[in-house]
Every structure is written in structure tokens, then in C-alpha cells.
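If you're matching them up, the sequences are chains A and B in order. As numbered in the numbering used here, residues 9 to 182 make up the first sequence, in order. As numbered in the numbering used here, residues 493 to 646 make up the second sequence, in order.
Rather than coming from a laboratory, the hints here were simulated on the basis of the structure. Only a predicted model underlies this, so the values are computations on that prediction, with no experimental measurement involved. A few of these clues could be false.
Said to hold, decoys possible - Restricting the straight-line Cα-Cα distance to at most 30 Å, the calculated cross-link-like pairs of lysine-lysine (BS3-like) are:
#1 B/K590 to B/K566
#2 A/K107 to B/K555
#3 B/K620 to B/K590
#4 B/K590 to B/K555
#5 A/K11 to A/K59
#6 B/K590 to A/K44
#7 A/K107 to B/K620
#8 A/K44 to B/K586
#9 B/K620 to A/K44
#10 B/K555 to B/K566
#11 B/K566 to B/K586
#12 A/K44 to A/K59
#13 B/K566 to A/K44
#14 B/K586 to A/K11
#15 A/K59 to A/K107
#16 B/K563 to B/K586
#17 A/K44 to B/K555
#18 B/K566 to A/K107
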Amino acid sequence: MTKFLLPLGVFLVIAVFLGVGLTLNPREVPSPLIDKPAPGFTLAQLHAPEKSVTLEDLRGQVWLLNVWASWCTPCLEEHPYFVELARTGEVPIFGLNYKDRREAALQWLARHGDPYRLTVQDGDGRVGIDYGVYGVPETFVIDAQGIIRYKHVGPVNREVLEERILPLVRELQS
Amino acid sequence: MKGAIVSWLVACLLAGGYPLATGADRDPALEARVTRLASELRCLVCQNQSLAESNADLAIDLKNQVREMAKAGKSDAEIREYMVARYGDFVLYKPPLKATTALLWAGPFLLLLAAAGGAAVYVRRRHKRVAESGLTPEQHARAEALLGSDRSGR
Numbered sequence: 009m010t011k012f013l014l015p016l017g018v019f020l021v022i023a024v025f026l027g028v029g030l031t032l033n034p035r036e037v038p039s040p041l042i043d044k045p046a047p048g049f050t051l052a053q054l055h056a057p058e059k060s061v062t063l064e065d066l067r068g069q070v071w072l073l074n075v076w077a078s079w080c081t082p083c084l085e086e087h088p089y090f091v092e093l094a095r096t097g098e099v100p101i102f103g104l105n106y107k108d109r110r111e112a113a114l115q116w117l118a119r120h121g122d123p124y125r126l127t128v129q130d131g132d133g134r135v136g137i138d139y140g141v142y143g144v145p146e147t148f149v150i151d152a153q154g155i156i157r158y159k160h161v162g163p164v165n166r167e168v169l170e171e172r173i174l175p176l177v178r179e180l181q182s
Numbered sequence: 493m494k495g496a497i498v499s500w501l502v503a504c505l506l507a508g509g510y511p512l513a514t515g516a517d518r519d520p521a522l523e524a525r526v527t528r529l530a531s532e533l534r535c536l537v538c539q540n541q542s543l544a545e546s547n548a549d550l551a552i553d554l555k556n557q558v559r560e561m562a563k564a565g566k567s568d569a570e571i572r573e574y575m576v577a578r579y580g581d582f583v584l585y586k587p588p589l590k591a592t593t594a595l596l597w598a599g600p601f602l603l604l605l606a607a608a609g610g611a612a613v614y615v616r617r618r619h620k621r622v623a624e625s626g627l628t629p630e631q632h633a634r635a636e637a638l639l640g641s642d643r644s645g646r
């Protein structure tokens, strides 16, 4: 009897490890930017390219930074949630238009709705690199002091929005 | 006249094509360094490829970033630090030794130790079993007697 106990134990340990491994998403790389100051930027506004926006302009409020592009298909998936959220006015959403053409981006917003308080253009993806962007869409929660509090890679869905992002936003706002 | 135009066109083509074809503006030593660094960094879009191997958009951007930093005289450590600050230790194919990665580094040695310990226990037990299966003096005498009677009876 004990002869089988040891292999069984080893098997169970391996099974648990492999099982945990299967449930992890390898695309979710923990960002080193969490709880660090958001990287500074000076970028042109999408709607008014002659005007620029810096990170300092956004200080003093809790805000969402949504990295999107008109060529990004999963962005379409999450977009309705942002449009809906913008309507409630609970938290301002700022868009970072990542490696996109301006006309294409404007057309996309005209077609699918514009939930962004303001969108800035990151044509060469330089600011994207500073924010560690590797899979558009990405969404950051940034607090009033300009600290990155949360990062979501991939399309946001109702669950992520209502169970992760909004509770955190409320906590930071209070 | 016609010949002159043709040769002028050919000259234009050659002049235009030459730097493109050879990448003459690139310094080979710098390129070698960029390639070496890029092969140590993971592409986050296609995670089983290094930056050097990958042709993903982001990988090309990051390679250009490495090239720019190398050109600006940054050290290898500075370039690696730049990537880690943005993408975490995950970008390094060789993770640093830290509390969170200690198990990763020590794991193979722990497994080796456990296997060696298991083997030692097994060998010792086996040794004991073989020794225990030896005969008591009485059994030995009896066996001897039986063998002896067998031998004499033949």
C-alpha cells in the first residue's frame, strides 16, 4: 500500500502545479509600473493637433488611460463599455491613440462613439513604450497624484470594469 | 542621346538602390551589439521569440530603441534596465536572482538534492534487506547439515 502512496503523492503535486499553470494567462505580464508615477509625456491632441497635452495637465483627478487604435480589433469589443461609462461621468477617460493615422482614428471615433474626455496621439508609439504597452488595448487607472494604480491588458469587459476598475476608482476618489 | 538618358537612369537607380541594399549607413559593430542585446530580450507580443528574432511591430520599435540607446553610448546594463523598468523582469531571458525568482534558480538543485536523497534512502534500505535475509546460525547449521547429508548420501 505504502509502495503506491509515494508515486501518488508525487503525481498529485505535479498535477496541482500543472493545473495552476494551465489557469494562468501567460499574456498577463505583471507590470513594474504599478504604484509608480505615470511616465510623463507631451503629446498632440487628436482633435486639435496644434494643441498639446502633458501628464501634468491631468493631475488632480482619478482618471483612466485607455490605449487604443483604429486598427485594433479587440478595441471594438471593449469600446461600448467605455461609451457607457463616459455617459455616467463617474471617471474621466483619456485616450491614447497608439500608432495610428489621425484620419483613421477620427473616423473610428465618429463611427463608434467618442467616450474620451480627450485623446492624444502617440504616432510613433514612443509613449506607449514608456507605459510598457505591448498588447493594445490596455487600460490604466491613474490616481490624483499621477501614480499608476492598475493596468489591464486586453479588452475590458463588464466583469473587469465592475469588479476591478470601478471599485478601485471609487476607493481612490474617496 | 538615347544612350545618355539610359545610362543616366541606370546611374540613378544604382545610386538610389546602393545604400538600401547594403545598409551602408549602419555600423556593423553597433549592429552586432544591438543583435546581441535584442537576443537577450523577450518579445512580449510573441513570447517565445526574442526581440532579435521577432518581426512584430513592437519588437521592431524596441529594437530601434535599443539601437538608439546603444548609439547614444548607453551601457548594456542601462539598456536592460530601461526595458525592465517598462516591461518587468519578464523581458529578460535570464531573470535576475531575487526573492521572487529564488525558487526558479534553486529549483533544479533542490530537485537534484531530493533525487539524491531518495536514491540514498533506497540504496540503504536495499542493503539492509539483503543483509537481513541472511540466515541465523541455527538455520545455517541446519542448511549445512542438510547439504552435508545430501552430499554424503550421493
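**Broken hints, by number** = 3, 5, 7, 9 and 14
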